[in-house]
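Protein sequences appear in the order of chains A and B. First residue of the first sequence? That's 1 in this note's numbering, and the numbers climb one at a time after it. First residue of the second sequence? That's 1001 in this note's numbering, and the numbers climb one at a time after it.
Bear in mind the hints are in silico, worked out from the structure with no lab data behind them. A virtual CB, placed ideally from N, CA and C, is assigned to each residue, including glycine. All the given hints hold, so there is nothing to weed out.
Cβ-to-Cβ under 7 Å is the rule here; a few derived chain A residues that face chain B:
no., residue
1, G22
2, R33
3, G112
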Amino acid sequence: MTTAALPAGTIAEEPDRLGFGGYVTCLLGIVWREVMRFLHQRERFFSALVRPLIWLFIFAAGFRQVLGVSIIPPYSTYVLYETFVMPGLVGMILLFNAMQSSLSMVYDRETGAMRTLLVSPFPRSFLLLSKLLGGVFVALLQAYTFLVIARLWEAWTWSSQDSILTNIAATWQQFGVVDPHLSGYLTVLPALILSGLMLGSLALFMSSVIKQLENFAGVMNFVIFPMFFASSALYPLWRIKESSVLLYEICRLNPFTHAVELIRFGLYGQIGPPVEQAAQAAADGWSFAVVNGIDLTHLYVVVGCTLFFLGAAVYAYNPSKGLIGRRGGAGAGA
Amino acid sequence: MLQQAPETEAQTLVVNGVSHRFDDYLALDNVSLSVPRGAFTVLLGLNGAGKSTLFSLITRLYDNVSGEIRILGNDVRRRPTAALQRLGVVFQSRTLDQDLTLKQNLMYHAALHGIARREAKIRCQEALERVGLADRQNEKVRNLSGGQARRVEIARSLLHRPGCLLLDEPTVGLDIGSRESVVGIVRKLVAEQDLGVLWATHLIDEIAPTDQIVVLHRGKVLFTGTVPEFLAKTGSDNVRAGFRSITGTAHGDDQ
Chain A
1 MTTAALPAGT
11 IAEEPDRLGF
21 GGYVTCLLGI
31 VWREVMRFLH
41 QRERFFSALV
51 RPLIWLFIFA
61 AGFRQVLGVS
71 IIPPYSTYVL
81 YETFVMPGLV
91 GMILLFNAMQ
101 SSLSMVYDRE
111 TGAMRTLLVS
121 PFPRSFLLLS
131 KLLGGVFVAL
141 LQAYTFLVIA
151 RLWEAWTWSS
161 QDSILTNIAA
171 TWQQFGVVDP
181 HLSGYLTVLP
191 ALILSGLMLG
201 SLALFMSSVI
211 KQLENFAGVM
221 NFVIFPMFFA
231 SSALYPLWRI
241 KESSVLLYEI
251 CRLNPFTHAV
261 ELIRFGLYGQ
271 IGPPVEQAAQ
281 AAADGWSFAV
291 VNGIDLTHLY
301 VVVGCTLFFL
311 GAAVYAYNPS
321 KGLIGRRGGA
331 GAGA
Chain B
1001 MLQQAPETEA
1011 QTLVVNGVSH
1021 RFDDYLALDN
1031 VSLSVPRGAF
1041 TVLLGLNGAG
1051 KSTLFSLITR
1061 LYDNVSGEIR
1071 ILGNDVRRRP
1081 TAALQRLGVV
1091 FQSRTLDQDL
1101 TLKQNLMYHA
1111 ALHGIARREA
1121 KIRCQEALER
1131 VGLADRQNEK
1141 VRNLSGGQAR
1151 RVEIARSLLH
1161 RPGCLLLDEP
1171 TVGLDIGSRE
1181 SVVGIVRKLV
1191 AEQDLGVLWA
1201 THLIDEIAPT
1211 DQIVVLHRGK
1221 VLFTGTVPEF
1231 LAKTGSDNVR
1241 AGFRSITGTA
1251 HGDDQ
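Build out the structure end to end from the sequences listed, making use of the hints.
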């Protein structure tokens, strides 16, 4: 306001107050930059999409005959393995995206882009949260692209006797009716955002404590693979329990399991199993939060972990208490 | 000190008794310096003297453990928002997004300072004109030379109209022509806008006779004052010789 009236290039004696509008501008700016960066890295978009699709097209097709999935909530009927594994693969997209953005943050810290962000006058926790939301937004773009392709894959019908047009019409017909219901794509959105935030804040915390990441392989081996395989992404937990109780317990403690389950139920417009089905789970010590006949354990765990990881990340980036200063910081001594 | 500081503060930057320690190594030892309005202040020191550490403390990457740092009267710890709003920084490492255009980079920075789009566009144009790159605003940073990228970073640091500008070895890796142009732009800013500039360097030939000098050596400030005072104190006839004698090093810079 005051500054606009000044002649070009003069110093503002009193800068504008950072009001609500300023915060919105800042948030949008950060999210916009994340999206632009992602769009400029086409190979990243491509590989982010190919990875889960390979799992869906090849692994799931091969695994279909090996693993029988019984009727467990949220499914009301027997489902194909492809349908079962879809939420897990969406979780995988979120996980990879979060770890990749964590890696880029370490890289940012080395090149100084992180310092550009941190000299912004806004509170540091707000800046980090904005950065996180930018990453989640990018993950959402990937997840929905995958979901559409996966649905098309499921709806695919082809008969060589019919004409191409008939085949397309049949596929289109199927596209509208295969699992999950189209409204599921809307109801899964909160689950995706929450899970994305949880994994993103974990990654953000990792980026603040990891001084240098030589390559992505380390993160793959020590974070992504254990989190992904020791979860309910690829197989139902009761199956795991049959082979190893210890592994079952590890899966139960894995926050990623809860994120995948939240997405799974979200796709069917639910947030957890109804309590009568959950009774057995409760007896196993699996659930601890039953509200109005619905088991909300997954929601509670994901929200709780998000707050915990985010708090840890903000602490680590806090200039007076943080770990950056102790570790010599970005570019210091260079 | 907690009161609203007067905006007509004579000093744009005051560093008072600041020390900083990494584990068992004292990177800064009781450092004090000030940058008056309209002064081009050269922070002269060899690599590893503590220049970057000092910049990290001023920009609040981490907090100063002892002493105080004020930007136009605002303590960076007690009033970080007000302090950072008045501070422009050009970091030593390249911090522009290579894949984005000049304008996109500047708009991102304006957003980080909460400047609304419409106002930001006007300021981007102004700032790019100031560094002579307005005609290339829609080109990607990747296509720029090192010196041009530096000029964009200077333009960027001016978007929020700071009263104090920090530059951490801004001419490192530039050829002679680019160096002169970068130094010239900043000197012009100081003269025209009454900015306080702290220019960290180890290149003695960037010092003009009218500059303020702060000599930082192994974490300690050995001298603050004008060039003639420096020559008088060290009993030398040029800054290079003076620097050698005051720091006891064999040569003044890397060249």
